[in-house]
Amino acid sequence: MKRLPLEGVHVVDLSMMWAGPFATHLLGEMGAEVIKVESPRAWDNVRTLFPIPGPEPWNASFYFNDYNREKKSLTLDLAQPRGRELLLALVAKSDAVVENYRADVLDKLGLGYAQLRQARPDVILVSMAGFGKTGADRELVGFGPIVEQMAGLASLTGYGDDGVPYKTGISYGDPVGGIAAASALVLALIRRRRTGEGAWIDLAQRETMAQMLPEAFVAASLRGEEPVHRGNRHPTWAPQGVYPSEGKEQWLALSVRSDAEWRALCEVIGAPELASLALEARRARHDELDERIAAWSSARDGAVAQEALQARGIAAARMLDSDSIHWDPHLLAREFWDFMPHPRMATIPQPAPAWRLVEANPRPRRPAPLFGEHNREILCGLLGVAEAELTELAAAGVIGDVPMGAGVG
Amino acid sequence: MLPLDGMRVLEIGGSVPAAFATRWLAGYGADVARSEGPEGALERDEEVALLPGKRRIAASDAQLRALALAADVVVEDGRPGALAARGLDPLALRAEKPALVVTSLTPFGQTGPHAGFEATNLTAHAAGGILSVTGVRGRPPLANGANQALKLLGLEGFAASVTAYLGALVSGEGDWIDLSAQECAAGMLEFHGPRSAVDGLPSPRLGNRTTAIWGLYRCLDGFAGVCSLQRQARALFEGMGDPELLTPRFLDPMERMKDDKELGARVERFFSDKKKAELLALGLKQKVPFGAVMTPRELLDSKALAERGFFDEVATEDGVARVPGRPFLGLPWRAGALSAPGADSAAVLRDWLGTSA
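So the sequence lines, in the order shown, correspond to chains A and B. Mapping the first sequence onto our numbering, position 158 (from 1) lands on 158, and the numbers just tick up by one. Position in the second sequence (from 1) plus 1000 gives the number in our numbering.
Hints are computed from structural coordinates only; laboratory data are not their basis. Remember, predicted model here, so these are calculated numbers, not experimental data. Fair warning: there could be bad hints in the mix.
[As the list claims (entries may be wrong)] Calculated lysine-lysine pairs in the DSS-like style (CA-CA distance at most 30 Å, straight line): (1) B/Lys1285 to B/Lys1258; (2) B/Lys1303 to B/Lys1287; (3) A/Lys108 to A/Lys2; (4) A/Lys108 to A/Lys93; (5) A/Lys248 to B/Lys1275; (6) A/Lys72 to A/Lys93; (7) B/Lys1275 to B/Lys1285; (8) B/Lys1285 to A/Lys2; (9) B/Lys1258 to A/Lys248; (10) A/Lys108 to B/Lys1285; (11) B/Lys1258 to B/Lys1274; (12) B/Lys1303 to A/Lys108; (13) B/Lys1303 to B/Lys1285; (14) B/Lys1285 to B/Lys1261; (15) A/Lys72 to A/Lys108; (16) B/Lys1261 to B/Lys1274; (17) A/Lys108 to B/Lys1097; (18) A/Lys72 to A/Lys2.
[Said to hold, decoys possible] Some, not all, of what chain A presents toward chain B, calculated at C-beta under 10 Å: (19) Pro55; (20) Trp58; (21) Asp66; (22) Tyr101; (23) Gln115; (24) Met150; (25) Ala151; (26) Thr157; (27) Gly158; (28) Val164; (29) Gln240; (30) Val304; (31) His326.
[Claimed, not checked] Residues of chain B clear of chain A, computed beta-carbon distances all greater than 10 Å: (32) Gly1081; (33) Glu1096; (34) Ala1168; (35) Gly1193; (36) Glu1268; (37) Ala1340; (38) Pro1341.
In this text, a Cβ means the ideal position worked out from N, Cα and C, and glycines have one as well.
Please construct the entire structure, taking both the sequences and the accompanying hints into account.
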């Protein structure tokens, strides 16, 4: 089997919630060995964010278990000296550390870049606080939606008739920051191969999010443009929109990019009298055209309508929701959904690596770890801790396999 | 020394996904040669934002093939099969040069029943699932701004390309990367994706309010948001100074859900007579995530971004534009200038192939 690009790379993952774990999940998918470190007193909050019925809810979280595959779990209380000592011993044997604590936390734990470098001089530290480690906003606390607001994207999103900006329905700043963080770590590895030097990446999630709207900064800086809410319409083409399909909350997105496509659409929807409308007229009469398209689409199954329009070369897609996406024939044909069993959770479709290396063909290799599942393997096997000490560590709460006082939230 | 010094990248096709992916490659030091896509592949503002630091070439298919074999990474965003039709079949290129990485960015990927589908940002976004949870109930789902399906594909294209390039440096073996915009999004549906996989119920569109304490509200000078976890709820309620909120009805996470609407009304009132700056300051004081909706113009004036040196300046015919520069601190980055279409053909052919046009 062909080697994955990050085989042999060892990553210590101190991150929690979604942005950091998304980054380390990508690294794991590409072959890195990722050790996720949580404290028995301060675990990854995603484990307990939603009430999960049954025993060990922290191990049965569908949310946690989707984004923490390809990782091993080690618990260490970093507030205790022995916990910090063991972490530094682990860092000494690792290439990189990823953390997304609030900007001041790592230093306060005595585990800042300077300390990590003492353990491993060429270590790569990826810090990914919401607003970075420096600058006037460094102390602000941020989650994905906050990052999206503070980076300008929410200001560009809206229906246009109510003046209201909208947030994306997922915490979009998180995966964007996560992908960027994974790439930053890889860039630092490339540079280290050439220079022998480690690096400290100071990634602000707000800034990686702002990277996703660069043309808006061009418009604002050159012409002072303020955001325009276009709903689902295109600044030039027409018509474009998201139209109702047959059934409850079923929708069809389509774009008409040329006169030829417009004529084809008019044939499909049975509106020959509109076929000669030029772009300017289509833009001026967009509301009316939307009604005509909706009258056609709302009486049809979205998948059927999509095929009919695609057959005429019109860009159209049935909108997939968080359920139907698991049954999309295209994604199923590409084996995008993976059905790996997990010891504490029913088997569900989980995403396979989106980075399809056609030849190396990365596939999911291990389910998300149970809390502290690999304590013995890592502490005794990798770090040479005596078996007898494990009991002491557990008694002192330095390690554990049950989060202390886990409730919901 | 720049992280990607010595790396050669050929960009073919050149609409937003490929142009975005290679923008960061160029900034971190790669020599990026961009072969222009069809007329209008990029809007003018997109060119200013995505092309700084790249060399722009006009080359025949035969020249492109030679350049591809002289490159470390080829990034392209044409239709599936389009590259092969031009004599640049990724697998054939790889057979000739095993260390080569070819990154193909498409809406639906290279294989499968929808691979040949026509697509735009909006339709690709619809197929990826994120659209379904954005916007409000009672109105159509709403696409977020600035062509995010295309940008996300470009971002993932960058990250996957450098990862495969590192693999090639280590082992001498590159790969062909088949990235689909649909899959990039389908794998990031937060809790919505796995929850629906468990219970079979699609997540509804919740507009700007997932819960009362995880939402976006109108304030005195615009809009501001709060995203409070359970562990931050007490600090939030203390900051709001409403004693009734400090009772089990609102402090207990399960109890709170029963009265979420009432809580939402209270938060709405609280936000309504405060300014964005006031709310941000309160978030700082209480260590609760508060945010404010900022526009690109406001961000261009942001003290924090200026202190961190976020923006690069790019000279254009219409004046100096300011664009996002280095994506993160800690590795050297170079701001680049804009070149004209085809202006660098001779230089690239000379530098990469030792030949003239």
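Here is what the structure says about each hint:
Annotation: proposed proximity of B/Lys1285 to B/Lys1258 holds, straight-line Cα distance about 29 Å (limit 30 Å). With a C-alpha separation of about 21 Å, the suggested pair B/Lys1303 and B/Lys1287 falls inside the 30 Å cut-off, and the hint holds. For the given pair, A/Lys108 sits about 43 Å from A/Lys2 by alpha-carbon distance, which is inconsistent with the 30 Å threshold. A C-alpha spacing of about 23 Å is found between A/Lys108 and A/Lys93, which places the hinted pair at or below 30 Å, so the restraint holds.
For the proposed pair A/Lys248 and B/Lys1275, the alpha carbon gap of about 40 Å is over 30 Å, so the pair is violated. Using a Cα cut-off of 30 Å, the hinted pair A/Lys72 and A/Lys93 holds, with the two alpha carbons roughly 15 Å apart. Straight-line distance between C-alpha atoms of B/Lys1275 and B/Lys1285 comes to about 16 Å, which keeps the hinted pair within the 30 Å bound. A distance of roughly 52 Å separates the Cα atoms of B/Lys1285 and A/Lys2; the hinted pair therefore is violated under the 30 Å criterion.
This hinted pair checks out: B/Lys1258 and A/Lys248 have alpha carbons roughly 26 Å apart, not beyond 30 Å. Annotation: proposed proximity of A/Lys108 to B/Lys1285 holds, straight-line Cα distance about 18 Å (limit 30 Å). Between B/Lys1258 and B/Lys1274 the CA atoms are separated by roughly 27 Å; this keeps the pair inside 30 Å, and the hint holds. The hinted pair formed by B/Lys1303 and A/Lys108 meets the criterion: a straight-line CA distance of about 26 Å does not exceed 30 Å.
Between B/Lys1303 and B/Lys1285 the CA atoms are separated by roughly 19 Å; this keeps the pair inside 30 Å, and the hint holds. This hinted pair checks out: B/Lys1285 and B/Lys1261 have alpha carbons roughly 26 Å apart, not beyond 30 Å. For the given pair, A/Lys72 sits about 26 Å from A/Lys108 by alpha-carbon distance, which is consistent with the 30 Å threshold. With a CA separation close to 21 Å, the supplied pair B/Lys1261 and B/Lys1274 stays within the 30 Å bound.
Of the pairs offered as hints, the one joining A/Lys108 and B/Lys1097 is violated, with about 50 Å between alpha carbons and a cut-off of 30 Å exceeded. Using a Cα cut-off of 30 Å, the hinted pair A/Lys72 and A/Lys2 holds, with the two alpha carbons roughly 23 Å apart. A distance limit of 10 Å between C-beta atoms decides the matter here; for A/Pro55 the minimum to chain B is near 17 Å, and the interface restraint is violated. Hint status for A/Trp58 relative to chain B: violated, with the closest Cβ pair at about 14 Å, above 10 Å.
For A/Asp66, the shortest C-beta to C-beta distance to chain B is roughly 4 Å, which falls under 10 Å, so the interface hint holds. Hint on A/Tyr101 is violated. Least Cβ distance to chain B is approximately 12 Å, over the 10 Å limit. The restraint placing A/Gln115 at the interface with chain B is violated, with a minimum CB-CB distance near 17 Å, outside the 10 Å limit. A distance limit of 10 Å between C-beta atoms decides the matter here; for A/Met150 the minimum to chain B is near 5 Å, and the interface restraint holds.
Hint status for A/Ala151: holds, given a least beta-carbon distance of 7 Å to chain B, under 10 Å. Contact between A/Thr157 and chain B, as hinted, is supported at the beta carbon level, the nearest pair being about 4 Å apart and thus within 10 Å. Taking 10 Å as the C-beta contact cut-off toward chain B, the hint placing A/Gly158 at the interface holds, the least distance being around 8 Å. Against a cut-off of 10 Å between C-beta atoms, the interface hint on A/Val164 holds, since the closest Cβ of chain B lies about 7 Å away.
Satisfaction of the interface hint for A/Gln240 is found here, the shortest Cβ-Cβ separation to chain B being roughly 6 Å, below the 10 Å cut-off. Against a cut-off of 10 Å between C-beta atoms, the interface hint on A/Val304 is violated, since the closest Cβ of chain B lies about 14 Å away. Below 10 Å, beta-carbon pairs count as interface contacts, and A/His326 has one with chain B at about 6 Å; its hint therefore holds. Interface exclusion of B/Gly1081 from chain A stands, the closest Cβ pair being 14 Å apart, more than 10 Å.
The beta carbon of B/Glu1096 is kept farther than 10 Å from every beta carbon of chain A, the shortest such distance being approximately 15 Å. Non-interface call for B/Ala1168 relative to chain A: violated, since the shortest CB-CB distance, roughly 8 Å, does not exceed 10 Å. Annotated as non-interface, B/Gly1193 brings its C-beta within 10 Å of a C-beta of chain A; the closest such distance is 5 Å. Remark: the non-interface label on B/Glu1268 is consistent with the geometry, its nearest Cβ contact in chain A lying 13 Å away (cut-off 10 Å).
No Cβ of chain A approaches the Cβ of B/Ala1340 within 10 Å, the least distance being about 17 Å, so the stated non-interface status holds. Every CB of chain A is more than 10 Å from the CB of B/Pro1341 (nearest about 18 Å), matching its label as outside the interface.
The structure does not agree with the numbered hints 3, 5, 8, 17, 19, 20, 22, 23, 30, 34 and 35 stated previously, though it agrees with the rest.
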